[in-house]
Amino acid sequence: MTASEHAAHLAQLNVATLRHPLDDPRVAPFVEMLDPVNAAADGAPGFVWRLVEDGAADATGLRPAGEDVIVNLSVWETQEALWDFAYRSGHLEVMRRRREWFARHVEAHLVLWWVPAGHLPTVGEAMERLADLRENGPSPRAFTFASSYEAAEAAPSLQAAPPPTV
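If you're matching positions, the sequence shown starts at 1 in our numbering and goes up one per residue.
Keep in mind that a hint or two might mislead.
Claimed, not checked - Derived Cβ-Cβ restraints for the label pairs, each shown as a range:
| no. | residue 1 | residue 2 | range |
| --- | --- | --- | --- |
| 1 | Ala152 | Ala57 | 19 to 27 Å |
| 2 | Val52 | Ala152 | 29 to 37 Å |
| 3 | Glu135 | Asp35 | 29 to 37 Å |
| 4 | Thr78 | His20 | 16 to 24 Å |
| 5 | Ala152 | Glu100 | 33 to 41 Å |
| 6 | Gly61 | Ala7 | 17 to 25 Å |
| 7 | Arg104 | Glu67 | 36 to 44 Å |
| 8 | Pro21 | Asn136 | 17 to 25 Å |
| 9 | Gly137 | Thr17 | 31 to 39 Å |
| 10 | Gly66 | Ala28 | 41 to 49 Å |
| 11 | Val52 | Leu92 | 45 to 53 Å |
| 12 | Ala155 | Pro21 | 40 to 48 Å |
Since the hints were derived computationally from the structure, they do not count as laboratory data. Owing to the predicted nature of the structure, the values given are computational and were not obtained by experimental measurement. All C-beta atoms, glycine included, are put in the ideal place defined by N, C-alpha and C.
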């Protein structure tokens with residue numbers, strides 16, 4: 001199936017609280033993996049888009065959730081495509097080592113939601129979905145891999161891109 005055949009795409013946000021600043025040598029192995037992992041994501045089947053800071057190769061400089069929290073926001077054609085990248089690619093090595101660089105979260109740190117194909121979620125939208133998951137638990141509006149919903153179930157929650165300003 002091509003991207004144009006999907007009426008909805010899966011957006012994901014995950015947040016991670018750094019144990020040390022990004023320029024700390026203890027975080028260097030994570031920083032060294034950023035470019036190769038991001039390049040793998042960009043070329044992965046089903047990948048649509050990922051957030052990057054203006055003038056940068058990634059979003060690690062954006063700190064909408066706190067100075068010590070980095071965010072990853074991306075869009076995928078399907079939940080299976082995201083799962084395959086996250087758990088069946090070189091990204092898995094980062095996941096295995098995450099406790100070296102990131103604090104354990106006591107509340108939800110990953111949220112998934114469906115967006116209309118072509119819509120690129122904003123950081124504000126993503127943070128709102130994470131807050132919804134944390135406050136209300138999984139729903140078609142904000143869920144996790146373990147509590148997933150199909151795009152059809154989320155149809156009433158799909159958020160279209162705002163109209164262009166004139």
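Consistency of beta-carbon spacing, glutamate 67 to arginine 104, with hint 36 to 44 Å: violated, 19 Å
Could you see if the CB distance from alanine 152 to alanine 57 stays within 19 to 27 Å? violated, 36 Å
I want to verify a distance hint. Is the separation of the beta carbons of alanine 155 and proline 21 within 40 to 48 Å? Since the Cβ atoms of alanine 155 and proline 21 sit about 42 Å apart, the hinted range of 40 to 48 Å holds.
With respect to the beta-carbon atoms only, verify the hint that glycine 137 and threonine 17 lie 31 to 39 Å apart. violated, 21 Å
Is 29 to 37 Å right for how far apart the beta carbons of valine 52 and alanine 152 are? holds, 31 Å
Given the hint of 17 to 25 Å, check if glycine 61 and alanine 7 actually sit that far apart at their C-beta atoms. violated, 33 Å
The hint says 45 to 53 Å between valine 52 and leucine 92; measuring C-beta to C-beta, is that right? violated, 22 Å
Falls inside 41 to 49 Å, the C-beta gap from glycine 66 to alanine 28? Roughly 22 Å apart at Cβ, these two residues miss the hinted range, so it is violated.
For the range 33 to 41 Å, tell me whether the beta carbons of alanine 152 and glutamate 100 fit it or not. At roughly 40 Å between Cβ atoms, glutamate 100 and alanine 152 fall inside 33 to 41 Å, so the hint holds.
When you take the CB atoms of glutamate 135 and aspartate 35, is the distance between them in 29 to 37 Å? holds, 35 Å
16 to 24 Å was suggested as the range; check whether the CB atoms of threonine 78 and histidine 20 agree with it. violated, 35 Å
Can the suggested window of 17 to 25 Å be confirmed for the beta-carbon pair proline 21 and asparagine 136? Roughly 33 Å apart at Cβ, these two residues miss the hinted range, so it is violated.
Hints 1, 4, 6, 7, 8, 9, 10 and 11 from the list above are not met by this structure, while the remaining hints are.
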